[in-house]
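Fit chain B with the ligands to the supplied structure of chain A, relying on the hints for placement.
Top to bottom, those sequences are chains A and B. Take 3 as the starting number for the first sequence in my numbering and just add one per residue. Take -8 as the starting number for the second sequence in my numbering and just add one per residue.
Hints may be right or wrong, so weigh each one.
As the list claims (entries may be wrong) - The list that follows gives simulated cross-link-like pairs (lysine to aspartate or glutamate, DMTMM-like), each with its CA atoms no further than 25 Å apart:
no., chain 1, residue 1, chain 2, residue 2
1, A, Lys140, B, Glu19
2, B, Lys11, A, Glu184
3, A, Lys140, B, Glu138
Derived by calculation from the structure, the hints in this document are not laboratory data. These figures come from a predicted structure and were not determined experimentally.
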Amino acid sequence: MTLRTEPVTINLGPQHPSTHGVFRMRITFDGEVILDVEPVFGYLHRGSEKLAEERTYAQVVTLTDRLDYVSSMSNNLAYVLAVEKLAGIQPPERAMYLRVIAAELQRISSHLVATGFFLNDLGALATPLMYCFREREKILDLFEMLCGARITLSYMRVGGVFQDAPTEFWPAIRDFLSFMPEYVDEYEKMLTGNEILLSRTKDVGILAGETAINCSASGPVLRSAGVNWDLRKADPYDVYDRLEFDVPVGTVGDNYDRYLLRIAEIRQSLRIIEQCVDQIPEGPVRERIPNLVRPPVGDAYAHVESPKGELGFYLVSDGSIAPYRCKIRSPSLINLTVLRDILIGWKLADMIVTFGSIDINMGEVDR
Amino acid sequence: MYGIGIAKGLMVTLTNLFRKPFTIQYPEEAVPQSPRFRGEEFAWYEERCTGCASCAKYCPLGIIRIVTHPGGANVPEGDSYAIDVFDIDIGRCMFCGLCVEACPYDALFMGSGFERGQYRRDDLIITVDELRSSERRPSTWFRPQLEERDYRPQGGEPLSWEEVGR
Ligand code: SF4
Ligand code: SF4
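Looking at chain A on its own, in the form it has when it is part of the complex (with noise of 0.2 Å):
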């Protein structure tokens, strides 16, 4: 006799925990096997493209803080660059070096984010979100020290940074460039390692390189499926390329990969940073242009790695103060084309892990 059985489909979100946000997924089960995912956005949506119409090329680089509230600093040198190549305005080398900094560190508070909820979804509940936060919290002191907040930061601007760092910044990085290596070590004696983390991560939600290319993916998701691709060593960006750094690459593309690759990642960008405090160059921050720029009739796409990947502006000018279009190519929501692959055939309980170590944030998703 055979028992009669039938598929089941959950709703998971838009309000639950696990979804980092205003998440929905359709998800059909048999038994505990997903069958079937479908992805549910739109929740958070804010209309940021449209917005940015209506405002100035200097007041969107306040909307961009919004898009992915992790890492505002990456989002706000996206939109910056894209500005400076519609409008052919060259920011000074000082500003260059400051942006990197901003970003890297902006790199490292994001991953450490990523890091801690990841954990956070696999049961080890808020100890080492807490561990991941206590260094996050040293990240954002510095921020605030350089542009006086700590989430949305606003701090470049078209043709430079706002303004240049205070004197009690360098020795302050000094410091954090000391200690954070040994945090990092701390991390990975703790989880590197770990049998839990091993036997919940290892070979779950395994996403194949050419799948990932095929999906656009990027960032450390592409990477982690042992593609070699970051956007800093194949287009350098501000002064990329006078720096020396490794990609860290996977090889299998599981979960346990993407977590081992942010934490490398972290370690890359502490080496960055390390080399842009040694090398700044005295100097102005910010090029003399006006407040109300206005960009020559034509279009422009600027892009940068940003913590999650591919973050791209495309900007199509119509010779006036704001933005004829404002087009967010944003990493979390192509990231999320993989969703499919490596969720169907999992367990239930893989699931929120797998979700978890995409490392998506709502703002960019929906913008």
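Below, chain B with the ligands without anything else, positioned relative to chain A:
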């Protein structure tokens, strides 16, 4: 093999027992603020303000409301507009500081506080009278002249309009 994890975990607990805590007992202890902190209590100096409304135009949200009439006397700049209304609706403000960046006469500054909780949204509007009478501890955000003097708004002396100019 299994079981080492427990020992390792307890080791971590033990080492942390003797570490200096990272947390701050907030309401009793003040969180240290950097001088550039973009806080809530805007500092505005009527003596310096000409009523040009650059700040209002530059605000991405348009939440600064300024009403003026001709015939005021601005101290550093001579004849100018007198201010009737200068409202900042900080219930909608995102503390981006663009208004401060736009002010050409160093009349508007970000503040340093962050504890302005209210029960009603209307009470979050800072009116001109409040701005006039408040104790002004301006943030050094976008004001290099204050940074040069090493001014610290948190716990510092309130500054008068003559002390904040370039
Ligand atoms: S801080 Fe920003 S949002 Fe607030 S009043 Fe000034 S410009 Fe407007
Ligand atoms: S505060 Fe500054 S920008 Fe605003 S009206 Fe007064 S002088 Fe003009």
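Hint check results:
1. Between Lys140(A) and Glu19(B), the direct Cα distance comes to roughly 21 Å. Compliance with the 25 Å bound is thereby established for this hinted pair.
2. For the hint pairing Lys11(B) with Glu184(A), the CA-to-CA distance comes to about 16 Å; that is within 25 Å, so the pair holds.
3. In summary, the hint linking Lys140(A) to Glu138(B) is supported, as the alpha carbons are separated by about 22 Å, within the 25 Å threshold.
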